[in-house]
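J.: Next come the chains, spelled out residue by residue.
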Amino acid sequence: MTAFFRIDQVSRAFAPEITLGDRIAAKLGAQVETRSLQAVNAVTLELAKGETLGLVGESGCGKSTLGRVAAGILPPSSGTVALEGKPVLINGHKATTRIQTVFQDPFASLDPRMKVGETVAEGPIAHNLVSRTKSGGYVAEWFSRVGLDPSFAGRYPHQFSGGQRQRIAIARALAMKPDLLICDEPVASLDVSIQAQILNLFLQLRRELNLTCLFISHDLSVVRHVSDRMAVMYLGRVVEEGGADQVFDRPAHPYTKALLASVPKLTLDDEALVHFEPIEGEIPSPLSPPSGCHFSPRCAFAEERCRKDLPELREVEDRRFSACHFAEVLVG
Amino acid sequence: MIEQQSPLRQFWSEFQENRLAVLALFVVIVLALLAFFAPYVVPQNPYDLENLSLLDARRPPGFVGSGGYSHLLGTDPQGRDLLSAILYGLRISILIGLAAGVVALALGTSVGIAAAYVGGRVETVLMRIIDLQLSFPAILLALVLVALLGQGKGQLITALVAAQYAYFARTAYGAAKGERRKDYIEAALATPLSGRQVAFRHILPNCLPPLIVVATVQIANAISLEATLSFLGLGLPVTEPSLGMLISNGFPYMMSGRYWISVYPGIALIILIVAINMVGDQIRDQFNPRLRK
Chain B
1 MTAFFRIDQV SRAFAPEITL GDRIAAKLGA QVETRSLQAV NAVTLELAKG
51 ETLGLVGESG CGKSTLGRVA AGILPPSSGT VALEGKPVLI NGHKATTRIQ
101 TVFQDPFASL DPRMKVGETV AEGPIAHNLV SRTKSGGYVA EWFSRVGLDP
151 SFAGRYPHQF SGGQRQRIAI ARALAMKPDL LICDEPVASL DVSIQAQILN
201 LFLQLRRELN LTCLFISHDL SVVRHVSDRM AVMYLGRVVE EGGADQVFDR
251 PAHPYTKALL ASVPKLTLDD EALVHFEPIE GEIPSPLSPP SGCHFSPRCA
301 FAEERCRKDL PELREVEDRR FSACHFAEVL VG
Chain F
1 MIEQQSPLRQ FWSEFQENRL AVLALFVVIV LALLAFFAPY VVPQNPYDLE
51 NLSLLDARRP PGFVGSGGYS HLLGTDPQGR DLLSAILYGL RISILIGLAA
101 GVVALALGTS VGIAAAYVGG RVETVLMRII DLQLSFPAIL LALVLVALLG
151 QGKGQLITAL VAAQYAYFAR TAYGAAKGER RKDYIEAALA TPLSGRQVAF
201 RHILPNCLPP LIVVATVQIA NAISLEATLS FLGLGLPVTE PSLGMLISNG
251 FPYMMSGRYW ISVYPGIALI ILIVAINMVG DQIRDQFNPR LRK
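First to last, the protein sequences are chains B and F. Per our numbering, residue 1 is the first one in the first sequence, and the count goes up by one each step. Per our numbering, residue 1 is the first one in the second sequence, and the count goes up by one each step.
If you are wondering where the hints come from, they were derived from the structure by calculation, not from laboratory data. Note that the structure is a prediction, hence the values are computed from the model and not measured. Among these hints, one or two may not hold up.
[As the list claims (entries may be wrong)] List time: in silico DSS-like cross-link candidates among lysine-lysine, alpha-carbon distance up to 27 Å:
| # | chain 1 | residue 1 | chain 2 | residue 2 |
| --- | --- | --- | --- | --- |
| 1 | B | K308 | B | K257 |
| 2 | B | K134 | B | K86 |
| 3 | B | K27 | B | K115 |
| 4 | F | K177 | B | K177 |
| 5 | B | K134 | B | K177 |
| 6 | B | K115 | F | K182 |
| 7 | B | K134 | B | K115 |
| 8 | B | K115 | F | K153 |
| 9 | F | K182 | B | K94 |
| 10 | B | K86 | B | K177 |
| 11 | B | K115 | B | K49 |
| 12 | B | K94 | B | K115 |
| 13 | F | K153 | B | K94 |
| 14 | B | K177 | B | K49 |
| 15 | B | K94 | B | K177 |
[To be verified] Under 10 Å between C-beta atoms, here's a sample of chain F residues computed to sit facing chain B:
| # | residue |
| --- | --- |
| 16 | K182 |
| 17 | D183 |
| 18 | I185 |
| 19 | A190 |
| 20 | L193 |
| 21 | H202 |
| 22 | L208 |
| 23 | S256 |
| 24 | W260 |
Even glycine gets a Cβ: it sits at the ideal position worked out from N, Cα and C.
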């Protein structure tokens with residue numbers, strides 16, 4: 001059986017653009033960067049219909065790049081993305097409207113010179129989901145569904161707050177009647193009080209519309225709140241995947257364990273009111289990843305074998321995957 | 001919620017703060033109206049040779065000629081009433097300046113946005129051509145073209161467009177390149193919308209502010225370039241003198257005390273160009289957030 005949405009062995013590298021000037025500079029002895037950056041490396045993910053997969057990782061781990069490849073914005077260097085077995089990209093162009101995206105920064109993702117109502121109506125009109133004459137009512141309907149006054153449709157983005165803008169961005173994505181919604185850090189740039197509102201709106205709409213979601217975030221508590229399953233990325237690879245609660249309660253990869261421990265927690269213990277353990281070391285440069293397991297230089301459990309063999313992502317338990325040689329030990 | 005105000009109204013209320021710019025805009029509008037309605041304003045059609053009498057040639061301001069009316073600004077070597085000739089000349093200058101400016105704007109903007117949007121080899125080739133052209137003085141290019149194409153309004157406009165579109169292309173390219181990277185373009189492409197729709201509905205409107213600024217300056221430049229070409233005798237036919245040619249016609253008489261033939265058309269030209277530039281400066285300041293108080 002094919003999965004509803006499948007990201008299959010997707011890799012994405014960014015090669016530096018080498019101009020004629022750079023080539024001459026390199027000949028003359030200047031340092032010109034020619035290595036390409038492997039942002040996403042052979043990632044395979046599957047989503048069942050109606051399921052929400054949370055994708056977490058540190059900044060720069062490739063989760064946003066993977067999200068953009070999944071959304072059909074960025075073509076993968078290799079591998080395929082398919083919705084119900086049909087490829088999302090055909091000849092480098094996005095061939096479906098059933099996948100829509102909500103972007104991180106609502107201040108940048110809305111055209112500043114277009115009335116927000118037009119922004120929401122534009123896609124549905126272009127794809128004949130609604131006629132131009134009926135678009136006013138259609139936009140009003142979506143505005144009220146995301147909790148905005150329909151009379152706001154004639155205003156410009158600068159007249160709204162961040163939370164309101166993100167509601168508009170959600171309305172724009174949902175007005176295209178997608179089956180799969182890709183949320184790229186949708187609440188990361190909002191105030192904490194607004195985050196909760198937007199997350200609740202998101203959960204409500206997901207239930208009403210039976211949406212399948214790929215939810216990208218660096219905020220672990222947000223991901224746990226919204227996800228059925230989650231995948232953890234480190235340096236372009238998925239290192240752990242499984243049910244959200246399982247991953248949180250019994251992580252099967254040292255990186256996940258460290259990531260969970262690094263979240264500041266308020267405890268009611270007298271000695272340590274605030275408790276967190278930052279992960280040792282810096283995230284290595286993706287231009288020259290370490291040999292063997294990419295996490296080994298920062299890993300508390302690393303042994304000789306970890307620095308030589310790159311562990312494959314393998315099924316440790318039923319529907320639980322980990323890319324650690326000692327996953328079984330960790331799960332215990 | 002920020003007070004709701006249409007962008008245009010907001011722009012105008014800010015524009016009003018600069019009294020000098022308002023005055024300049026007023027001058028531009030008055031000159032444009034005078035030039036447009038010249039046939040109803042002035043006593044003589046200076047382009048109709050039957051109206052001209054050589055007996056009236058080179059008369060000083062205030063002279064009452066054979067037409068029976070006073071030549072307020074004097075007459076030129078062909079016996080034209082200078083006031084009439086200046087307003088008719090302004091008409092040609094503004095018309096040619098506007099036409100050349102608008103065509104150059106459309107052409108340059110298309111080239112610039114296409115280069116920024118398509119990218120790759122197309123971008124490199126187009127922008128190197130533009131750079132190459134920008135390294136030539138505009139006047140040189142226009143001179144060569146007018147010499148090749150011959151005289152006439154169409155030819156003159158072609159030459160001015162060829163000399164000026166590169167400025168628009170550069171500006172549009174820079175603005176579009178910046179907009180291209182922004183999230184809302186990615187959002188539009190992710191919908192997906194067609195490339196044409198993204199370019200026209202999203203990139204173009206966001207590139208307009210700098211283009212409007214360049215357009216006002218370039219219209220003034222087109223007018224002065226046209227005057228220069230006419231002064232050098234390469235512009236329009238002698239029977240229909242524009243401002244540049246009027247100045248040129250009076251040039252030999254400057255030293256013999258008949259200053260008005262050159263000076264009055266010159267003053268008209270200067271007032272027009274300075275006024276347009278002042279309006280352009282104010283628009284530029286308003287579009288540049290760093291210069292805002």
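J.: Which numbered conditions among the earlier hints are violated in the structure presented, ordered from lowest to highest?
T.: Hints 2, 3, 4, 8, 11, 13, 23, 24 contradicted; others consistent.
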